[in-house]
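First to last, the protein sequences are chains A and B.
Heads up, the first sequence is in full-length UniProt numbering, so the first residue is 1 and it goes up one at a time.
Heads up, the second sequence is in full-length UniProt numbering, so the first residue is 1 and it goes up one at a time.
Hints may be right or wrong, so weigh each one.
No copy labels: a pair is met if it fits in one copy or bridges any two.
BS3-like, lysine-lysine: derived pairs with alpha carbons at most 25 angstroms apart [as the list claims (entries may be wrong)]:
no. : residue 1 : residue 2
1   : LYS259    : LYS226
2   : LYS226    : LYS17
3   : LYS259    : LYS312
4   : LYS386    : LYS354
5   : LYS291    : LYS146
These aren't lab readings, by the way, just hints derived from the structure by calculation.
Computed from a predicted model, the values in this text were never measured in an experiment.
There are 2 protein chains.
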Amino acid sequence: MHFFFYPSSVAVFGSFKRGAIAYEILRNILEGGFEGEIIPVNPKGGEVEIAGNRIDIFKTLEKSVDVAIIAIPARFVPPLIEEIGDKIKGAVVISAGFSEVGNAELEKELLEKAKEKGVRIIGPNCAGIFGVHASFFGSFEVRVNKGGLALISQSGAFGGAALAMGNEEGIGFSAFVSYGNAADLNESDFLRYFADDANTKAIALYIEGVRDGRRFMDALKYAAQKKPVIILKAGKSKSGSKAAQSHTGSLAGSYEIYKAAFTQSGAIEVEEMEELFDAAKVFEMYAKAGKRVAIITNSGGPGVLATDKAEKLGLEIAELSKGTIEELRSFLPPQCSTKNPIDLIADADYERYKRTIEVVAKDENVDSILVICVPPIFIPSEEIAKAVMDAECEKPIIVNFMAGELVKGGVELLEKHGIKNFPTPERAAKALKWLTLRE
Amino acid sequence: MHFFFYPSSVAVFGSFKRGAIAYEILRNILEGGFEGEIIPVNPKGGEVEIAGNRIDIFKTLEKSVDVAIIAIPARFVPPLIEEIGDKIKGAVVISAGFSEVGNAELEKELLEKAKEKGVRIIGPNCAGIFGVHASFFGSFEVRVNKGGLALISQSGAFGGAALAMGNEEGIGFSAFVSYGNAADLNESDFLRYFADDANTKAIALYIEGVRDGRRFMDALKYAAQKKPVIILKAGKSKSGSKAAQSHTGSLAGSYEIYKAAFTQSGAIEVEEMEELFDAAKVFEMYAKAGKRVAIITNSGGPGVLATDKAEKLGLEIAELSKGTIEELRSFLPPQCSTKNPIDLIADADYERYKRTIEVVAKDENVDSILVICVPPIFIPSEEIAKAVMDAECEKPIIVNFMAGELVKGGVELLEKHGIKNFPTPERAAKALKWLTLRE
Numbered sequence: 001m002h003f004f005f006y007p008s009s010v011a012v013f014g015s016f017k018r019g020a021i022a023y024e025i026l027r028n029i030l031e032g033g034f035e036g037e038i039i040p041v042n043p044k045g046g047e048v049e050i051a052g053n054r055i056d057i058f059k060t061l062e063k064s065v066d067v068a069i070i071a072i073p074a075r076f077v078p079p080l081i082e083e084i085g086d087k088i089k090g091a092v093v094i095s096a097g098f099s100e101v102g103n104a105e106l107e108k109e110l111l112e113k114a115k116e117k118g119v120r121i122i123g124p125n126c127a128g129i130f131g132v133h134a135s136f137f138g139s140f141e142v143r144v145n146k147g148g149l150a151l152i153s154q155s156g157a158f159g160g161a162a163l164a165m166g167n168e169e170g171i172g173f174s175a176f177v178s179y180g181n182a183a184d185l186n187e188s189d190f191l192r193y194f195a196d197d198a199n200t201k202a203i204a205l206y207i208e209g210v211r212d213g214r215r216f217m218d219a220l221k222y223a224a225q226k227k228p229v230i231i232l233k234a235g236k237s238k239s240g241s242k243a244a245q246s247h248t249g250s251l252a253g254s255y256e257i258y259k260a261a262f263t264q265s266g267a268i269e270v271e272e273m274e275e276l277f278d279a280a281k282v283f284e285m286y287a288k289a290g291k292r293v294a295i296i297t298n299s300g301g302p303g304v305l306a307t308d309k310a311e312k313l314g315l316e317i318a319e320l321s322k323g324t325i326e327e328l329r330s331f332l333p334p335q336c337s338t339k340n341p342i343d344l345i346a347d348a349d350y351e352r353y354k355r356t357i358e359v360v361a362k363d364e365n366v367d368s369i370l371v372i373c374v375p376p377i378f379i380p381s382e383e384i385a386k387a388v389m390d391a392e393c394e395k396p397i398i399v400n401f402m403a404g405e406l407v408k409g410g411v412e413l414l415e416k417h418g419i420k421n422f423p424t425p426e427r428a429a430k431a432l433k434w435l436t437l438r439e
Numbered sequence: 001m002h003f004f005f006y007p008s009s010v011a012v013f014g015s016f017k018r019g020a021i022a023y024e025i026l027r028n029i030l031e032g033g034f035e036g037e038i039i040p041v042n043p044k045g046g047e048v049e050i051a052g053n054r055i056d057i058f059k060t061l062e063k064s065v066d067v068a069i070i071a072i073p074a075r076f077v078p079p080l081i082e083e084i085g086d087k088i089k090g091a092v093v094i095s096a097g098f099s100e101v102g103n104a105e106l107e108k109e110l111l112e113k114a115k116e117k118g119v120r121i122i123g124p125n126c127a128g129i130f131g132v133h134a135s136f137f138g139s140f141e142v143r144v145n146k147g148g149l150a151l152i153s154q155s156g157a158f159g160g161a162a163l164a165m166g167n168e169e170g171i172g173f174s175a176f177v178s179y180g181n182a183a184d185l186n187e188s189d190f191l192r193y194f195a196d197d198a199n200t201k202a203i204a205l206y207i208e209g210v211r212d213g214r215r216f217m218d219a220l221k222y223a224a225q226k227k228p229v230i231i232l233k234a235g236k237s238k239s240g241s242k243a244a245q246s247h248t249g250s251l252a253g254s255y256e257i258y259k260a261a262f263t264q265s266g267a268i269e270v271e272e273m274e275e276l277f278d279a280a281k282v283f284e285m286y287a288k289a290g291k292r293v294a295i296i297t298n299s300g301g302p303g304v305l306a307t308d309k310a311e312k313l314g315l316e317i318a319e320l321s322k323g324t325i326e327e328l329r330s331f332l333p334p335q336c337s338t339k340n341p342i343d344l345i346a347d348a349d350y351e352r353y354k355r356t357i358e359v360v361a362k363d364e365n366v367d368s369i370l371v372i373c374v375p376p377i378f379i380p381s382e383e384i385a386k387a388v389m390d391a392e393c394e395k396p397i398i399v400n401f402m403a404g405e406l407v408k409g410g411v412e413l414l415e416k417h418g419i420k421n422f423p424t425p426e427r428a429a430k431a432l433k434w435l436t437l438r439e
């Protein structure tokens with residue numbers, strides 16, 4: 001399946017009128033900086049202008065390529081696969097109008113032609129794929145930053161929205177695949193593939209239902225053993241499950257069975273879209289952590305909120321060793337609290353944060369550190385960001401710089417250095433909780 | 001207490017060197033467009049330059065004013081109150097160094113002087129106050145937009161962070177008060193005041209602990225009867241409660257007692273900072289709603305996620321009447337689902353959204369509507385925003401336009417028209433849940 005996400009050559013089939021699906025995909029591939037060969041194909045030929053470049057449109061595919069991306073009317077797809085099948089390894093079928101609208105026959109025909117020719121199919125009725133480390137953006141969805149998350153989405157629209165929101169959350173992606181009707185390749189294949197993909201640190205999976213539970217369970221176990229697999233299951237409630245059935249045509253099945261499968265396989269189930277992002281963020285940074293958290297803050301209130309949430313989630317507020325407390329006492333102003341949560345008070349600067357992080361990081365009773373920063377008085381938030389970056393610390397550090405605009409500089413600096421920000425104390429505490437699930 | 005939030009004249013005491021607390025407060029008051037008299041006072045006199053204006057600093061307060069804002073060293077505060085007490089109605093004491101650092105005597109002295117002179121005190125050790133409808137920004141915290149939320153915060157730093165984050169969330173504020181050590185006025189006084197303030201639609205309260213439980217309970221009941229009171233309680237867990245005690249010096253008390261008080265009084269307790277914002281947003285728009293929700297979406301997946309969350313929270317997925325379904329069938333393309341959640345599919349445009357909202361709004365089985373929009377294909381999100389704005393609908397509408405940058409135009413347009421966006425399906429469903437708690 002490697003050729004799908006690291007192709008050396010791609011052909012795109014469809015209309016290249018400005019705004020048409022194939023045009024948008026071609027534009028994304030070109031603008032995304034794909035360095036392999038790109039061949040637009042349309043029986044009418046002609047040329048297409050994208051970003052100032054004029055590119056010839058081929059009337060037929062003459063050369064062999066790794067991947068064909070197909071956005072032509074559904075009924076023409078099976079004949080096209082027959083025609084070009086010998087020249088391609090795989091096809092991403094964007095076109096809708098198959099089993100999802102009751103046209104199961106056409107989908108069967110597509111699959112038969114593909115099998116005949118030894119072509120693997122993603123889709124039909126999907127939003128396409130990204131192989132981000134190959135700069136390959138084979139989808140009309142918004143391009144994303146390079147990173148460690150592989151996003152597998154049954155719903156194209158959910159996937160597209162998640163990519164755009166992921167950009168805002170500072171997530172880096174290794175790959176994206178929307179698999180639509182899953183005529184051939186499905187969630188189980190992708191789980192196994194990304195489990196072995198060196199650029200993928202964590203896998204996020206959005207599913208409504210799966211067809212082959214046994215195969216899914218095996219793939220999930222395989223993947224979750226190798227790296228964190230974060231799952232958002234839609235169709236958990238009675239009405240939601242009914243809606244998912246009518247929406248995807250797949251049997252959603254009992255949620256209890258899914259839930260048990262997630263737990264048994266060691267996958268991490270999240271309940272909300274936002275949690276999917278937060279879990280992805282934390283697993284892009286760290287593989288795991290123990291339960292004993294030290295909280296370092298420059299404001300009491302947010303420190304207490306983080307403490308409440310951490311304890312509610314079953315984390316432990318680490319009991320600092322006597323040595324740690326003595327060392328903290330030696331340089332912190334007397335108004336500071338040296339009990340966990342450690343309150344550095346409002347005028348905490350670079351030095352106070354950095355030294356505290358380093359002292360706490362050495363404590364054997366501490367597994368991970370949560371650093372909270374409300375806008376410091378008289379000190380730019382960048383200074384505190386630098387303290388986090390510069391501190392010698394081998395343990396996972398989660399940061400919660402809060403107050404939007406007021407800490408923007410600090411947050412941007414952190415993100416440039418691969419430290420992702422969690423905007424509230426509670427979301428930061430939840431992030432630490434997920435890390436403990438991999439311990 | 002009206003004079004605190006709608007003052008006609010204000011004096012500020014402290015250092016007016018650039019960057020000093022009093023300077024920052026004076027700047028905020030001036031830049032915020034306060035139209036009453038503003039008198040900076042410092043025994044050294046001189047002048048201060050702010051935003052191109054040179055303003056004389058008075059050596060003493062000669063005139064009477066409504067409010068004095070005091071940011072001078074703690075030990076000088078009681079004598080100052082004695083000196084100016086006859087000329088002021090109330091004082092906001094920003095200065096720290098009282099009971100929170102063990103200096104209970106000084107705080108007692110402050111209170112005695114104030115009582116002698118009939119002066120009401122907010123603070124000490126607080127971040128100040130805003131009376132937004134009087135354009136009065138008597139705090140060094142970031143200024144906010146005018147609206148319906150009164151934020152009462154025991155923690156100044158929490159309050160400041162919440163104001164900045166509230167700006168990003170599109171919340172409008174009527175007032176803000178950080179009451180610090182609560183030597184005189186406390187949470188109960190503010191609850192009662194904002195319950196009767198015409199510009200306040202909802203009250204948000206951040207507390208760690210209260211001193212007089214009976215008085216708090218009465219004030220909470222009074223306020224919650226008049227308008228939504230949203231509470232974020234910090235210090236709920238064992239470790240959190242201990243940390244809150246050492247932080248505020250107040251007894252946090254058993255969380256179970258607080259919880260019971262919140263429930264009995266009809267206040268709405270939220271568990272996370274983000275929920276505080278979301279509840280504030282929804283109550284700025286609507287007073288209440290029934291349980292039966294209709295979900296309208298242009299993408300199946302997010303519709304299912306909203307359905308799951310709504311049902312989990314005890315809302316009902318409204319069963320649409322036969323008449324509604326027939327009317328929807330009459331104009332919707334056949335691929336659309338006319339069962340709730342109603343799926344308008346990817347190419348849904350202005351007309352399809354608007355008509356659907358209007359038809360569903362008339363259904364007697366529907367109490368509220370959740371409108372979901374992922375980035376529409378070939379249609380700017382502004383068009384869908386307009387459909388929501390233009391649709392004739394008497395029932396609460398909650399919107400979830402998702403995908404950050406891609407729906408920014410639509411979200412901005414909605415917010416200009418007072419319709420606040422909830423960024424995920426789950427957060428939108430939670431917002432609807434809070435509305436039902438006031439039904």
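Results for each hint:
1. LYS259 x LYS226: Intra 20 angstroms, inter 43 angstroms, cutoff 25 angstroms: intra-copy only.
2. LYS226 x LYS17: neither (44 angstroms within a copy, 59 angstroms between copies)
3. LYS259 x LYS312: Answer is both; intra-copy 21 angstroms and inter-copy 15 angstroms each pass.
4. LYS386 x LYS354: within (8 angstroms within a copy, 50 angstroms between copies)
5. LYS291 x LYS146: Cα proximity of LYS291 and LYS146: none, with 30 angstroms in one copy and 43 angstroms across.
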